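> Okay, here's what each chain looks like letter by letter:
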Amino acid sequence: MLFPAVAAPPSNDDCLACHSDEVPRADGRKIAPVGPEFAASIHGQAGASCIDCHADLRKAELPHAEKLARVDCSPCHEKPAVEYAKSWHAEARRKSPASRAAVCADCHGTHDILPAKDPKSRTNHFRLPATCLTCHGDPAVVPTATRVAKTGDPSHFGDSIHGAALQKSGLSVAPNCANCHGVHEIRRLADPESTVNRPHVPATCGSCHQKILTDFETGVHFEAMKRGNPKAPVCIDCHSAHEIRTPETAAWRVGVIKECGTCHIDLIETYRDTYHGQVTELGFARVATCADCHGAHAIHSPKDPASTVSKQNVLATCRKCHPTATANFTKYDPHADHRNRQRNPLLFYTAKFMKWLLIGVFSFFGVHTLLWLPRSVQARRVHERHVHHRG
Amino acid sequence: MTKMATAPEGTGEVFYRRFSRTDRIMHGLLFSSFLGLSLTGLPLLFSDQPWAQAFARLVGVRAANNVHRFFAVVLIGTFAWHLFRIVERLFLKKDYGILWGPNSLVPQPRDVREFVGHMRWFLHLGPRPKFEHFTYWQKFDYWAVFWGMGVIGGSGLLLWFPAFFAKIIPGWVFNLATVIHGEEALLAVIFIFTVHFFNENLRPEKFPMDDVMFTGRVSLSELKDERPAEFERLKAEGALKALEVPPPSPELRRAGRIIGTTAITLGLVLVTLTLYSLSR
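In order, the protein sequence lines correspond to chains A and B.
For the first sequence, our numbering begins at 1 and goes up steadily by one.
For the second sequence, our numbering begins at 1001 and goes up steadily by one.
Bear in mind the hints are in silico, worked out from the structure with no lab data behind them.
Just so it is clear, the structure is predicted and the values come from calculations on it, not from any experiment.
Mixed in with the good hints there might be a few duds.
To be verified - When the alpha-carbon atoms are kept at most 30 angstroms apart in a straight line, the in silico DSS-like pairs for lysine-lysine are as follows: (1) A:K331 to B:K1167; (2) A:K303 to A:K226; (3) A:K211 to A:K168; (4) B:K1139 to B:K1241; (5) B:K1167 to A:K311; (6) B:K1130 to B:K1235; (7) B:K1167 to A:K303; (8) A:K231 to A:K258; (9) B:K1139 to A:K355; (10) A:K79 to A:K95; (11) A:K86 to A:K67; (12) B:K1093 to B:K1139; (13) A:K95 to A:K117; (14) B:K1224 to B:K1130; (15) B:K1235 to B:K1224; (16) A:K67 to A:K30; (17) A:K352 to B:K1139; (18) A:K331 to A:K258; (19) A:K86 to A:K120; (20) B:K1167 to A:K352; (21) B:K1167 to A:K320.
Could you put together the complete structure from these sequences and hints?
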């Protein structure tokens, strides 16, 4: 042999000689055992050796040093490793050595790694949210402020329609974290290449909600987004991301109006002047909200004949709630503005008249009352004295 | 000491009929429906206010709507009854006194004189006018309510049955009706719960309330003091004796007090919320 003889690398049996149970060391401390979970794990089943992962022990003298090198999964799992390297988890680690961003073992485990198909696996479709939430539900690891924004609190995912479908109904088609965020290549919201970055949100949601994506792509909001308008709403603005509820509940129906109103300020103001707007503000949802007239995903400009409120379609839209409505009925302006003389002159002057009627009446009687008051006090005093004398 | 304590039962004070039983029932229907309508209508007008939202949560918007419409029917019915009584008095009883003269609510030259005289009295520039059966401010109250019934009732009906009315009128009328219904309601609420309350109940001479609308009777001293011209006329006509009634029973007075105080309190709460919300 041309090479010098070396000691054979330790076999699994060599390792388990110490790591089979909590054998005390000379100083009394215990050696961490590698239990039967390794034998049951995918690596154990495949006949992997300890040193396949703990490569630094290949040539180490036993007993080895207490601190081992971090296991590198990439030699075997090349593709996931390449993807992971592009993720925010990896980038955060590169940026700060103190980062607690997830590495392979945080999600997959160590000696007990099971294939994702196994219902007990940490990365099983139904168990993944709990795995992600060990960090993303813990303010000590991921601060609340950075994870809870408009997208809703990820720890509330279980209460969302997706979380309930996944965990209560056990639907395999229900999405977990990875369906939206990706698996190994999870990128930050702000990363333009992220699946949850604003311009990518419709496509991400549309990977399941295909028909809605098709509708949305015909609407004004999608068009505005394509033009690069940063305020253009995407799915998550109305639906949130982690707290998505069924849009049939009263709370959702009346709540989403405020979302439309964050951009359409003048329209929500005039809407609140109407009966529809007033009762929805009081929490009553069985009247027309924004989406009932304008649509939700395929919203078009009223000038567009395809719009639900275009000249051609508005009567049919009113008739959804007012089945006996006539063409006359549609001359009602659901966004009439009594402050706008150009748009609603008659309403403008009516409101002016009413305002001055009120001012006139109350000025007159205000003065009348104020002048009367001292006289009335006086009259009462005189009267009481009179009664007193009589008594 | 309140004014009413000056003429307790058994002091031998004489009482005269001012309002008939029907008048009092109608006023009862009027104020209870008005309170119900205000209570269930104001939260809509101030739907952005926390108190309105709390009310909506407590009562429910649907229930409040139903109550509003129930009282609307009561009030429209009362108004129709009133109109019917006018027609009856004019055309069946040929009682033209309601068109002109002391028992009429139609504004007349003496109202202008009394108004000017009252203002002069406020300013210590003259004697207190000798008022007749109805004063100018009571006539204003009457016509304000009369106009208000037509305006609020009419616009309210339009908004209740928009699809029906849109068969004959264009939809933009509902825009006007919305503004008119709300603003006129605001006018009515603030007017009744401040000016009317002050004039008839809360001003120091009457505080905390005048129970004539519940008992229907005024004492001789009240009649002489508040409406001397009416007293003189009735005496001259020899009509006083016919109007004489027994003093109101303590039960009637107590009932009047309880109902009246409740109504006034509710009204004051509502007008406080209204003025507070308007100021924000």
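> Each hint needs a verdict: does it hold in this structure or not?
Consistency of the hints with the structure:
Using a Cα cut-off of 30 angstroms, the hinted pair K331 (chain A) and K1167 (chain B) holds, with the two alpha carbons roughly 12 angstroms apart. Taking the CA atoms of K303 (chain A) and K226 (chain A), the gap is near 20 angstroms; set against the 30 angstroms cutoff, the hint holds. For the given pair, K211 (chain A) sits about 25 angstroms from K168 (chain A) by alpha-carbon distance, which is consistent with the 30 angstroms threshold. Restraint check for K1139 (chain B) and K1241 (chain B): satisfied, since their Cα atoms lie roughly 26 angstroms apart, inside the 30 angstroms limit.
Among the hinted pairs, K1167 (chain B) with K311 (chain A) is consistent with the structure: their alpha-carbon atoms are about 18 angstroms apart, no more than 30 angstroms. A C-alpha spacing of about 15 angstroms is found between K1130 (chain B) and K1235 (chain B), which places the hinted pair at or below 30 angstroms, so the restraint holds. Proximity of K1167 (chain B) to K303 (chain A) is assessed by CA-CA distance (about 26 angstroms); at most 30 angstroms being required, the pair is judged to hold. Between K231 (chain A) and K258 (chain A), the direct Cα distance comes to roughly 15 angstroms. Compliance with the 30 angstroms bound is thereby established for this hinted pair.
Proximity of K1139 (chain B) to K355 (chain A) is assessed by CA-CA distance (about 23 angstroms); at most 30 angstroms being required, the pair is judged to hold. Straight-line distance between C-alpha atoms of K79 (chain A) and K95 (chain A) comes to about 22 angstroms, which keeps the hinted pair within the 30 angstroms bound. For the hint pairing K86 (chain A) with K67 (chain A), the CA-to-CA distance comes to about 28 angstroms; that is within 30 angstroms, so the pair holds. At most 30 angstroms may separate the alpha-carbon atoms for a hinted pair to count; K1093 (chain B) and K1139 (chain B) meet this at roughly 23 angstroms.
Under the criterion of a C-alpha separation no larger than 30 angstroms, the hint pairing K95 (chain A) with K117 (chain A) is inconsistent with the structure, at around 33 angstroms. Simply put, K1224 (chain B) and K1130 (chain B) have alpha-carbon atoms about 9 angstroms apart, close enough for the 30 angstroms limit, and the pair holds. Proposed proximity of K1235 (chain B) and K1224 (chain B) is supported: the alpha carbons are some 11 angstroms apart, at most 30 angstroms. The suggested pairing of K67 (chain A) with K30 (chain A) holds, with an alpha-carbon distance near 14 angstroms, which does not exceed 30 angstroms.
Restraint check for K352 (chain A) and K1139 (chain B): satisfied, since their Cα atoms lie roughly 26 angstroms apart, inside the 30 angstroms limit. For a cut-off of 30 angstroms, the pair hint linking K331 (chain A) to K258 (chain A) stands: about 26 angstroms separates their Cα positions. Restraint check for K86 (chain A) and K120 (chain A): satisfied, since their Cα atoms lie roughly 28 angstroms apart, inside the 30 angstroms limit. Between K1167 (chain B) and K352 (chain A) the CA atoms are separated by roughly 28 angstroms; this keeps the pair inside 30 angstroms, and the hint holds.
Proposed proximity of K1167 (chain B) and K320 (chain A) is supported: the alpha carbons are some 17 angstroms apart, at most 30 angstroms.
The earlier numbered hint that this structure contradicts is number 13, and it is the only one.
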